[in-house]
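Participant: Here is how the chains run, residue by residue.
Protein chains: 2
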Amino acid sequence: MTKIKQICDYLNQNDNYLILMHGSPDGDAVGSAYALCRALRALGKKADCACCDPLPRRYSYMTDGVENTNHNYEHILTVDVADPKLLGGLRKEYGDRIEVAIDHHASNIEYAELSLVRPEAAAACEVIYDVICDLGVAIDKKIAECLFTGIATDTGCFKFSNTTAATHRIAANLIEKGIDAGEINRIMFDTKSFARLDLERRVIEKMEILDEGKIAVLVLTAEMQEGLTPDDLEGINALSRQVEGVIVGITLREKEANRFKASVRTYDPVDASMICRKLGGGGHIRAAGCELKMPFDEARSTILAAVREELSK
Amino acid sequence: MTKIKQICDYLNQNDNYLILMHGSPDGDAVGSAYALCRALRALGKKADCACCDPLPRRYSYMTDGVENTNHNYEHILTVDVADPKLLGGLRKEYGDRIEVAIDHHASNIEYAELSLVRPEAAAACEVIYDVICDLGVAIDKKIAECLFTGIATDTGCFKFSNTTAATHRIAANLIEKGIDAGEINRIMFDTKSFARLDLERRVIEKMEILDEGKIAVLVLTAEMQEGLTPDDLEGINALSRQVEGVIVGITLREKEANRFKASVRTYDPVDASMICRKLGGGGHIRAAGCELKMPFDEARSTILAAVREELSK
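So the sequences go chain by chain: A and B. For the first sequence, the positions run 1 to 313 when the numbering used here is used. For the second sequence, the positions run 1 to 313 when the numbering used here is used.
Next up, chain A with everything else stripped away, as it sits in the complex:
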């Protein structure tokens, strides 16, 4: 029996579900949880969603009308959760009771009794889409909004290289359910807080372009981060690699006095993880990070030396 068939049998045969998301929930986490919750309710099941952190206000169109019923939860599921550590404050209560995990992270540690993990899926919502189809639940407009949101946000609106032909075909099917995809995309991608825009302005102002334009260095001092939410800071690192010609973007973010998080983003052929591993960090080939416990000038020259060594190869 295939994994997805096992999951559908399990969902059909049981009742009283709680669906858990990871902390700092993004569009794919909220979309996966609420799409599955709505589908289970459409089957006549009891289902609620839970997260250790509050859901950002801009996701409210996905959660509208799905109030938690706080029934007696018999079966615990997770969606888009690679590791129970990511459940934050909910881990203690539910971490050992997870029966089903539906995910798309290759790094999923297979902590659930039954795991459906598809690393080739761009978003957990792609996997949830297949589960809902296999359950035989008709995808209504609200479910389609949830699934579309997860797919759009995890692919940078179909921009990143994780976007496959299958991703586009699912998006096509969801658009045919009558959703206003343009409006969802506007909320997700074209709406910024003024604080975020102002942060971008200050980051660009301080940006250094070095080594004939191949390296960009961004700095986020503690003072620049004052009063900002994690949402305001999300993805700001990406600015470093956007300048035409730059192949290594470095972001130095001050965590506290004399402690900096260095994020390194690269383009072919530079290996970001090689740069960060030298300094005790790690990551992927195009995005990696390390921590530098030293004053700013030293942190800057340390990471620059590691980058230049890799560039000269």
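Mixed in with the good hints there might be a few duds.
[Claimed, not checked] Quick list of in silico lysine-lysine cross-link-like pairs, DSBU-like style, CA-CA up to 35 Å:
| id | chain 1 | residue 1 | chain 2 | residue 2 |
| --- | --- | --- | --- | --- |
| 1 | B | Lys255 | A | Lys206 |
| 2 | B | Lys192 | A | Lys214 |
| 3 | A | Lys214 | A | Lys177 |
| 4 | A | Lys192 | A | Lys206 |
[As the list claims (entries may be wrong)] Some chain A residues close to chain B (C-beta under 7 Å, calculated; not the full set):
| id | residue |
| --- | --- |
| 5 | Cys157 |
| 6 | Phe158 |
| 7 | Ala195 |
| 8 | Leu197 |
| 9 | Ile204 |
| 10 | Val243 |
Treat the hints as calculated values from the structure; they're not laboratory data. All figures in this text were calculated on a predicted structure; none of them were measured in a lab. Don't be surprised by glycine CBs; every beta carbon is placed ideally from N, CA and C.
With chain A held as given, fit chain B onto it using these hints.
Facilitator: Using the frame of chain A, we list chain B on its own:
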């Protein structure tokens, strides 16, 4: 006989084509022209492409290997051209000889002997995709790169509301031809000149947020535009409407002393064209413009008064 069948018969029966693009060519113009040119050559036909303006360097992967042969052009086609006026310097020589126009602008003035205009298509490349399929030409990787580029650029990477289920399905088919869609998207959407980034910084710095956050005013003085290319300025207006809560974004761009182009972008329910029409301009419901021949302070208060009148309705 359907229009597309007529076009395919015409293309099959003739030879020695010149395909014209509009001036200031964008990704859809270049993608449409070079996809069709490559397809016609695959059929053994002679075909070249022409534009009154140089093609931006970032589109070179579409034109690579398609050198113009400067043969004797017997048949003139246009792609993505709503009006022969848009041919610029090529209009004089070819404006009266256009036999076929393939386009997606509802505003196409039907100037060709045979026009295939599909306003429901998000990009001219969607229409060209159907033409190439109907011609029976196998879409190779290079043709797929051209078509994908046009579709991605005209939809803001599948973000805008012109993106349909059909758009996503064509994208899926093109990705299956082996293109590196992530890399194309990176070049089109995640690469900015430093001059552009710096302009954004200066625009945000001067941005005014008024009327409890409902109105944003951007200013582009002549001094801020010095040394910038049209590419650097493209789409800068969109910044005005990106701030959370803003429903009317105004951009005042200084064209010369005491002459400003006002661009108005709105969200539901504000009608931008109503605002601009009062001041002698016009446009669409969400994006309109007008010219204000007066000093800056007067231009600012004039457009603000018109916006506030519309907002108070």
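Participant: Confirm or reject each hint.
Facilitator: Here is how each hint holds up against the structure:
For a cut-off of 35 Å, the pair hint linking Lys255(B) to Lys206(A) stands: about 30 Å separates their Cα positions. The hinted pair formed by Lys192(B) and Lys214(A) meets the criterion: a straight-line CA distance of about 14 Å does not exceed 35 Å. Straight-line distance between C-alpha atoms of Lys214(A) and Lys177(A) comes to about 46 Å, which puts the hinted pair past the 35 Å bound. Annotation: proposed proximity of Lys192(A) to Lys206(A) holds, straight-line Cα distance about 21 Å (limit 35 Å).
Satisfaction of the interface hint for Cys157(A) is found here, the shortest Cβ-Cβ separation to chain B being roughly 5 Å, below the 7 Å cut-off. Look at Phe158(A): its Cβ gets to within about 4 Å of chain B, closer than 7 Å, so that hint holds up. Residue-level restraint check for Ala195(A) is violated (minimum Cβ-Cβ distance to chain B is 9 Å; threshold 7 Å). The interface hint given for Leu197(A) is met, as the beta carbon of that residue sits about 5 Å from the closest beta carbon of chain B, less than 7 Å.
For the restraint placing Ile204(A) at the interface with chain B, the shortest Cβ-Cβ distance is roughly 4 Å, inside the 7 Å limit, so the hint holds. Residue-level restraint check for Val243(A) holds (minimum Cβ-Cβ distance to chain B is 5 Å; threshold 7 Å).
Hints 3, 7, counting from the list given before, are not met by this structure.
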